[in-house]
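Construct all of the structure, not just a fragment, from the sequences and the given hints.
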Amino acid sequence: MPHPKPNHAPNKKRRREPVNVDTKLVEIYEDLASENDEIRLKAAQALVSQFTPDKKPADEQIRKALQRLFRGLCSSRKAARVGFSIALTEVLAQVFSKEGVESREEDITVDGVLGIWEGVSHATGGESGQEVRDHHFGRLFGAEAIIKSGILYSPKSRIAEWTKVLELVLDLAKKKPWIREECGWIIYRSIYDLSAQKADSKLVEIALESLCSNDLARTPEGVATWVAARDLFPGIGFPNKVWKHDDPLDSKERNQLAKVMKESEPAGDSEGPKVSGVWNSKLHFAWDAVVNSLNSVSEKPSKSTRLSFADFWLEVVDNGLFASASSEERKYWGFLLFVKVLNEQNLQVASLVFTKNLVRCLTNQLAVEDRYLHRMAIKASKAIQARVSKEPEFAAASVKGLMGTAGSVNFDQITKTKTIEKIVSEANVEALNQILPLFESLIASPGTSDSKAAASSRQVLAGLLLSMVRARVSASDAADEGSEAVLERILVIFARFAYFTSDEDKGSVQPSLTQQTQELFRSRINSCLNSIIAAHKHASTLPYAVVRKIRDAAKSEEFGPFIIAMDDVLKDSVKGAFKALKKLSGMDKPSNQAGIDAFKLLYSMTILQVYNGDADAVSMLGELDFCYSKIFGDKKSKKGKEGEEETSEASDALVEILLSFASKPSQLFRRMSEQVFTAFAPNVTATGLESLTSILEAKESLAGQQEMFDQQDDEEGEGDEDEEDEDEDEDMMDADSDVEIINADEDAALEASENEDDEGDEEIDEEDAAEIAAFEAKLASALGTHRADQDLNAASDSESDAEMNDDEMEEIDTALVKVFRARRDALSKKKDKKDAKETMVNFKNRVLDLLEIYVKKCHSSLLALDLLLPLLRLTRRSSVKQISNKANAVLREYTKLCKGNAVPELQEADTEAVWDLLKDIHAEAMHSGPRAHGSGCSQASLLVVKVLVAHDTEAVGRVVDVYGETRKAQLLNRKCHVQPGLFTDWNNWCVSASKLIKT
Numbered sequence: 001m002p003h004p005k006p007n008h009a010p011n012k013k014r015r016r017e018p019v020n021v022d023t024k025l026v027e028i029y030e031d032l033a034s035e036n037d038e039i040r041l042k043a044a045q046a047l048v049s050q051f052t053p054d055k056k057p058a059d060e061q062i063r064k065a066l067q068r069l070f071r072g073l074c075s076s077r078k079a080a081r082v083g084f085s086i087a088l089t090e091v092l093a094q095v096f097s098k099e100g101v102e103s104r105e106e107d108i109t110v111d112g113v114l115g116i117w118e119g120v121s122h123a124t125g126g127e128s129g130q131e132v133r134d135h136h137f138g139r140l141f142g143a144e145a146i147i148k149s150g151i152l153y154s155p156k157s158r159i160a161e162w163t164k165v166l167e168l169v170l171d172l173a174k175k176k177p178w179i180r181e182e183c184g185w186i187i188y189r190s191i192y193d194l195s196a197q198k199a200d201s202k203l204v205e206i207a208l209e210s211l212c213s214n215d216l217a218r219t220p221e222g223v224a225t226w227v228a229a230r231d232l233f234p235g236i237g238f239p240n241k242v243w244k245h246d247d248p249l250d251s252k253e254r255n256q257l258a259k260v261m262k263e264s265e266p267a268g269d270s271e272g273p274k275v276s277g278v279w280n281s282k283l284h285f286a287w288d289a290v291v292n293s294l295n296s297v298s299e300k301p302s303k304s305t306r307l308s309f310a311d312f313w314l315e316v317v318d319n320g321l322f323a324s325a326s327s328e329e330r331k332y333w334g335f336l337l338f339v340k341v342l343n344e345q346n347l348q349v350a351s352l353v354f355t356k357n358l359v360r361c362l363t364n365q366l367a368v369e370d371r372y373l374h375r376m377a378i379k380a381s382k383a384i385q386a387r388v389s390k391e392p393e394f395a396a397a398s399v400k401g402l403m404g405t406a407g408s409v410n411f412d413q414i415t416k417t418k419t420i421e422k423i424v425s426e427a428n429v430e431a432l433n434q435i436l437p438l439f440e441s442l443i444a445s446p447g448t449s450d451s452k453a454a455a456s457s458r459q460v461l462a463g464l465l466l467s468m469v470r471a472r473v474s475a476s477d478a479a480d481e482g483s484e485a486v487l488e489r490i491l492v493i494f495a496r497f498a499y500f501t502s503d504e505d506k507g508s509v510q511p512s513l514t515q516q517t518q519e520l521f522r523s524r525i526n527s528c529l530n531s532i533i534a535a536h537k538h539a540s541t542l543p544y545a546v547v548r549k550i551r552d553a554a555k556s557e558e559f560g561p562f563i564i565a566m567d568d569v570l571k572d573s574v575k576g577a578f579k580a581l582k583k584l585s586g587m588d589k590p591s592n593q594a595g596i597d598a599f600k601l602l603y604s605m606t607i608l609q610v611y612n613g614d615a616d617a618v619s620m621l622g623e624l625d626f627c628y629s630k631i632f633g634d635k636k637s638k639k640g641k642e643g644e645e646e647t648s649e650a651s652d653a654l655v656e657i658l659l660s661f662a663s664k665p666s667q668l669f670r671r672m673s674e675q676v677f678t679a680f681a682p683n684v685t686a687t688g689l690e691s692l693t694s695i696l697e698a699k700e701s702l703a704g705q706q707e708m709f710d711q712q713d714d715e716e717g718e719g720d721e722d723e724e725d726e727d728e729d730e731d732m733m734d735a736d737s738d739v740e741i742i743n744a745d746e747d748a749a750l751e752a753s754e755n756e757d758d759e760g761d762e763e764i765d766e767e768d769a770a771e772i773a774a775f776e777a778k779l780a781s782a783l784g785t786h787r788a789d790q791d792l793n794a795a796s797d798s799e800s801d802a803e804m805n806d807d808e809m810e811e812i813d814t815a816l817v818k819v820f821r822a823r824r825d826a827l828s829k830k831k832d833k834k835d836a837k838e839t840m841v842n843f844k845n846r847v848l849d850l851l852e853i854y855v856k857k858c859h860s861s862l863l864a865l866d867l868l869l870p871l872l873r874l875t876r877r878s879s880v881k882q883i884s885n886k887a888n889a890v891l892r893e894y895t896k897l898c899k900g901n902a903v904p905e906l907q908e909a910d911t912e913a914v915w916d917l918l919k920d921i922h923a924e925a926m927h928s929g930p931r932a933h934g935s936g937c938s939q940a941s942l943l944v945v946k947v948l949v950a951h952d953t954e955a956v957g958r959v960v961d962v963y964g965e966t967r968k969a970q971l972l973n974r975k976c977h978v979q980p981g982l983f984t985d986w987n988n989w990c991v992s993a994s995k996l997i998k999t
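Residue 500 in full-length UniProt numbering sits at position 500 of the sequence shown, with consecutive numbering throughout.
Do not rely on the hints blindly, as some may be mistaken.
Claimed, not checked - Within a straight-line C-alpha distance of at most 27 Å, the following computed DSSO-like cross-link-like pairs (lysine-lysine) qualify: (1) 830 - 881; (2) 148 - 64; (3) 418 - 382; (4) 175 - 98; (5) 356 - 340; (6) 583 - 537; (7) 699 - 575; (8) 582 - 571.
Everything labelled a hint here was simulated from the structure, so no lab data went into it.
Have a look at this one:
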């Protein structure tokens, strides 16, 4: 039997012995390098739990763990340094705790730990550049873990080991400038750790001596560490001859401190560390340390020679980082520090950072988008706004800094931003009280002798004051007394420069205000009052306060001479108005407070119009006095019918006054008339209502305007007079004036021809074409020529200009003047027609606003039915779609409000008039009109039906007859254009109303 062959295969590998691998520990070390914070922390906790004193870990186990952790710090993999650093710090703290030391032998010592750290993190020289950098960072993170663990000073101080750690760290900082800031951070934070653990101050002294021996005391890292030591350990011995009074922040060290903090190269052969060749976009931690130290000292006044924060910022930051010769990189640091102070420091400190060079740099960088630091400047600007939004008190410091001596009044215009506008809009009452004196002084003295530049600056300031008013009236605390006082103060500033001239002897306003600027301020007063009235806050008190201040200042000449010349009659009228205002202010009638406030507003605004030079305002004061005496006068003396008649007369006069205000193209007077009308709407009589509706009946044309405003067509009849006097006038003209008239009229003709079609069509309509043809014919006749396309052969037969004598040339000039003057008059009439239409459309809009208020307040009044026909006619007749739609909207609102029991209550004496109204509405429905007109007629008809049926259910039969007559007209009369919706709505109403009528 053959024996089996022995297995001597040479390629067969020897089987390896099994190795005990702690897979759980491997997973822990793997997780320490995870980028997930939660995973890293769980892994660190799991590892540290194995080295707690109760687990009594063996020395070999500790040594292996420390070696593994220190090696992990030298890894650039994921987040290994962070995770391993946390674990190492906690493991060292557990191993060298009092309980940990007692539970094991003394084989593992602090010196041994330092040996492991130094050995693992040492770069031998054979590694690649990246591996060398990893070892440097490993040494750095290892030093931080060792210091944070407290093994060098708790429970006892280990001077030798502490010195060794410092030397290794500082040696790394000297050799590798690019990592010096991180090395300095570790030593800087160790001062705080020593203070927290109440460690031996000798360790701090050693740290400072190490900085000096390594020539790192006069570096940002050295300054930060020194400042921390001085603040936390003031009683220690500081190295001599480094800083004046042993303090880098001493006032005598400001120049040296500025050089150190901006990391300037040492001059010449002077000793000192070289700065890093790599610029860091992050702000050095030393700035934070210095700023916090200065603030902590400033809060505790002492006899110290330390710099104040203001001096530090001026010398080190403004004259250092933001100096005109400073690099863009250092200015970038300056902006970072600026933003940091704004975000983190208190109001007092943050208010000091708006220095001259900084604000100039901010302005320049914001102004141009392609500037290197433009985005950084935007970030700084937003930081200011964010601070103001969070802390409105900061608005005062911001505005003073950006617009005061360090900034420019035109900051927003230069930078093309709305920074100042947004800041003042966010400001609270306290901030505004600080800003307003600055603005007033800047208006008085804008800092320039050029009148145009001064006018521009004053215009900017006026706009900002208006922004303040608008923001304040919409604020949540706008009703407070503080807000009212601020608003009044703003209005008084406007009044000072709008109505008074500067006293030349005092020279308070330089340069003098121009007429245009004063008109601008008067306009801004109206805009402010417009916002105040619209917000229904202080609407009766602030206008009164303004006119009262103007009157008082005019008497005392507090602001200089009053610019408005007032005769005795005008003075008496204004004086009487102020007496009425004083009485109204003293009235206390809660039941009629709205009426009192409305009259105060009316009086105040009318007086303001007098101050603005409005000729009609004087007569309006007289009418107001009449209304005041009838409404608020002694009613006991006149009772019954006589008293009612006088009240009605006053109400009618008040409506006329409100209409005169509403006719003005001003939003302010529109809102004022609406507010006053709201208070007195229930008192409007049939006559007053007719005054409103008559405007709706007027034509939207020049004739309608002349009829409405009682104007005379002054141009009629003037033609003959002009012709009679033409020869005399033209004899006085010279050739140059003739040419000017012709040129001006040619320009007017050209402009008119370009804008003739309101709809933007390029083709000229027939009427314009006829006008142009007639103009060309007259022009040809005057020149004795013709159009080139009419007779091409005639040119050869015409006489040349050279054959004309002087008399013939003068006759041609005269004829040309007549032709162009006629053309100018025609164009002027056309413009007058257009302006008249716009005026009437605006006026009707205002009246419709008032009528909308009336129907909301008085829809249940029988008098309101008088509005139905005028609104329907306006819907049909108006050539402006917007007016037609608005009239229909008022009608819809009226009928919508009259639901259920809200319909007007009919009296027996008025029954036939209401029946006539129903017939008139049906007659109006027969006219052709837009769809809105038909639906409006249906709604108006049903409203009147509701009124009649509510008064007498037997009226249904008669109503059916009215609708029947309208149906018959629809069938038999070709001129009847009633819309089907009238009968559809009627049928629907019959279905819903039949149940109520039968019951």
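Verification of the hints:
no., hint, result
1, 830 - 881, "holds (22 Å)"
2, 148 - 64, "holds (21 Å)"
3, 418 - 382, "holds (11 Å)"
4, 175 - 98, "violated (37 Å)"
5, 356 - 340, "holds (19 Å)"
6, 583 - 537, "holds (21 Å)"
7, 699 - 575, "violated (40 Å)"
8, 582 - 571, "holds (16 Å)"
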